[in-house]
Amino acid sequence: MKDDRVRYFAENMDRLSRRDRVFLNNPVIMQGLGLAPIVIPANSVMSAAVLAMGVLLLLTPTRIIATLIGQHVGFKMRAVVYALTAGVVFIAVAYIMESLFGTQLLSVGIYLPLLVMEPLIVKRFENPQKERIVTSFKKGILTTIGFCLVLFIMAALREVLALGTLGGIEIFRGPLLPMASMPAGGFILLGVVAAIWRAAVNAFKKNVSLGVKKLP
Amino acid sequence: MSRQTRTLHEGYAANRDFIAMMLPLYLMAFFYYGPRVLALALIAVITARISDRVAAALRRHRYDSTENSSVVIALAIVLMMPATVRFRVVIAAVLIAVLVAKAAFGGWQSYPFNPVAVGFCAATVSWPDEMMHYPAPLNWMLQSSASFDGLWKMWTFDGAALVEGPSATLQAGGLPKIDMWSMLLGNYAGPLGATCTVVIIACAIFLVVKKRMSLVAPLCFLATVALLVFIFPRYSEISFQTLPYDIPQRLQTVAYELLGGAMLFAAVFLIPEPGTLPKNTLSRVIYGVLLGVAALLFRYFGTYELGFCFGMLIVNAVSGYFDRAIAQRPARRKGVIQP
Amino acid sequence: MTLVLQNLGTFVVYALIAVFVQNAVFTRGFGVSRLTKLVTDSATDSLIFCALLTLIQILSAPMGYYLNQWLSAPEHWYRDYIGPLGYVLCALVAYGLVLLVIFLLPLANKRELMAVLPLATLSCAVLGPMLITSSQHYTFAQTIGFAVGSGLGYGLAVIMLSEGQRKMNNRKVPATFKGLPINLIYIGILALAIFGLTGHMVSY
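Chains as they are written, first to last, in my numbering: chain A, 4 to 219; chain B, 56 to 394; chain C, 532 to 735.
These are computed hints drawn from the structure, not numbers from a lab.
Treat the numbers as computed from the prediction; the structure is a model and nothing was measured.
C-beta atoms are modelled at their ideal positions from N, C-alpha and C, and glycine is treated no differently.
There's no promise every hint is true.
Below, in silico cross-link-like pairs of lysine-lysine (DSS-like), each with a Cα-Cα straight-line distance of 30 Å or less [unchecked claim]:
| id | chain 1 | residue 1 | chain 2 | residue 2 |
| --- | --- | --- | --- | --- |
| 1 | A | 142 | A | 79 |
| 2 | A | 142 | C | 568 |
| 3 | A | 141 | A | 217 |
| 4 | C | 709 | A | 208 |
| 5 | C | 641 | A | 208 |
| 6 | C | 709 | A | 209 |
| 7 | A | 216 | C | 709 |
| 8 | C | 641 | A | 126 |
| 9 | A | 217 | A | 142 |
| 10 | C | 709 | A | 142 |
| 11 | A | 5 | A | 209 |
| 12 | A | 79 | C | 641 |
| 13 | B | 266 | C | 703 |
| 14 | C | 641 | C | 568 |
| 15 | B | 334 | B | 266 |
| 16 | A | 133 | C | 703 |
| 17 | A | 5 | A | 208 |
| 18 | A | 126 | C | 568 |
| 19 | C | 568 | A | 133 |
| 20 | A | 79 | C | 568 |
Interface residues of chain C toward chain B, partial, derived using beta-carbon atoms under 8 Å [stated by the list, open to error]:
| id | residue |
| --- | --- |
| 21 | 694 |
| 22 | 701 |
| 23 | 716 |
| 24 | 728 |
| 25 | 732 |
Just need the whole structure built from these sequences, with the hints factored in.
Shown next, in the form of structure tokens:
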């Protein structure tokens, strides 16, 4: 690593490991949010694309609108505001999704409407601090990217292991492990991916702190 | 390093005895199903050893070659599979058992679930047809002509008729047409090493004499299964109305349920596994009884013939509680003043 | 009288199905995010959480049933769009009712209950069973049975996972697996065991 980058990472590590929603503080791997859609329906790249689109359309608008309304209500009512906002935004999302994907929506079944109460989307209500609109927009987009990254990694892995295909294109004959497309395989595989990811994060942090010691 | 200074792993001797007791089963399997069985075992052991090395390297621990519990796991998994199973199924099952069920939880004796059961269940749900259809024993000898074609058929079981085990007949409400001598000697289509009752009992006696296993949990397990099967047999011509006159048939059903479907094998090689067996005698009794109930529930209402492994996973999840609940009871001995 | 018994039977059967064969956590992954958090930190009492969750489910299930009856009329073409909002409203009404009861009853741990209640309401484990019962057109007795069973099944999962913490916090577990990853693998192995009952994936 270059010296200036090491210095940057070392100075901002605390802040980054709280705020970076893609690698260092990924919502799925580090905070354990949004597990249900990744583990159960995302067993092919196609259904992952449907779910990713749903989250993309639902997460950021919900967060912004709920932040706007949430500034005027007490902390006790925040849960209600977030849930209702997600439900209302979902009306538009469902309409767009149906015109985009049509019958392919069946591959994710109830997991698309279930996003309305997914902690990934409504978890913010637990935090008593108020946030600004710009922050909620930025965090919403970053959380979406972080979630979709893990979603696609998991979906690709599960599809390759269970069917030997990737996005419908055959890679090799005969499945390696059909269990990967089942819930059990999803849970176990996500556990393994999470462990590898966490090891990578730890290695990165260690690398930075070693780099700082070597700085002139 | 010289042989004298090398320290053996604490579980080495017990595992060595378990491995030694699986060899007679492999000998019987070789007799029934031919050389392919030995190749399956070899592949499984090699996979297990490589997985152990990988796990040690990932954790940056020194690889301890005397920690041989993975070999027991690999050999036990193969013994419960049909002889026709493909090599990739064996490799996948052993990889999951050793890397996921054992290494991820911290290795030797710190796993909550029996790795053999995990690996076997993973293979069963992945390839159910392949795992539940067995070739007839002694068929390979008929194929073993000197020609290349004959040898190849002997190896691949190409064209051999595959049948379901006796448990499938019981599930359909009938009685299997296998005489008791065949049941005792393992001369029927079934898991490759888990059918030969006589050899399994001999192995169990050896292990008990060498104090490698205690009989409490296995016996409670077998007794529970026998009792439940006696009361609720799957044979459709028996009901509560025919009760006093159908006792011979009930006993016959009990024998088929106990001897078929790897029940006895599980009692000897899976239940005494030291990592998941409770420590206390009373909790071992409870463990055995619960295992019997769970195994039968999965057999009666589940989809897979060897339901025992699935039931074992559920019971393993709660078995740690018995030891604690019993240890927490205040000691009520004479002469001890209670606070 | 036979009708009552028949419905009672349906209720019990569907409750059992929801607890074991179609366990909310092990077969459909409802509320896993909350579950893994619940068992790894000891701040919130997991049994209180499960009790409140079951209560919310029992209260919202009949409302969800009647809402679904109304929505499935052929002239309501927009049912797929506003359905989730409707079920959220049902859950929120149940939330309000439970909140009122907690407020009125002389309970010692009022504050704690009121802090846990929103978490128990805004959970996939509440919305998920409602979506299942409505998309598969369950009858009233089936719906209630499924709701009760889902709550109890979630409780079962919590108990099993809390019991497993003892082994998962073991010193020998690799550092990178501690916490979420090992919990996921644990749930995965139990899901594997439950799969042995059905032999196929449950519909969703």
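To test your reading of the hints: which numbers does this structure violate? Going through the list in order, the structure violates hints 3, 5, 9, 16 and 25 and respects the others.
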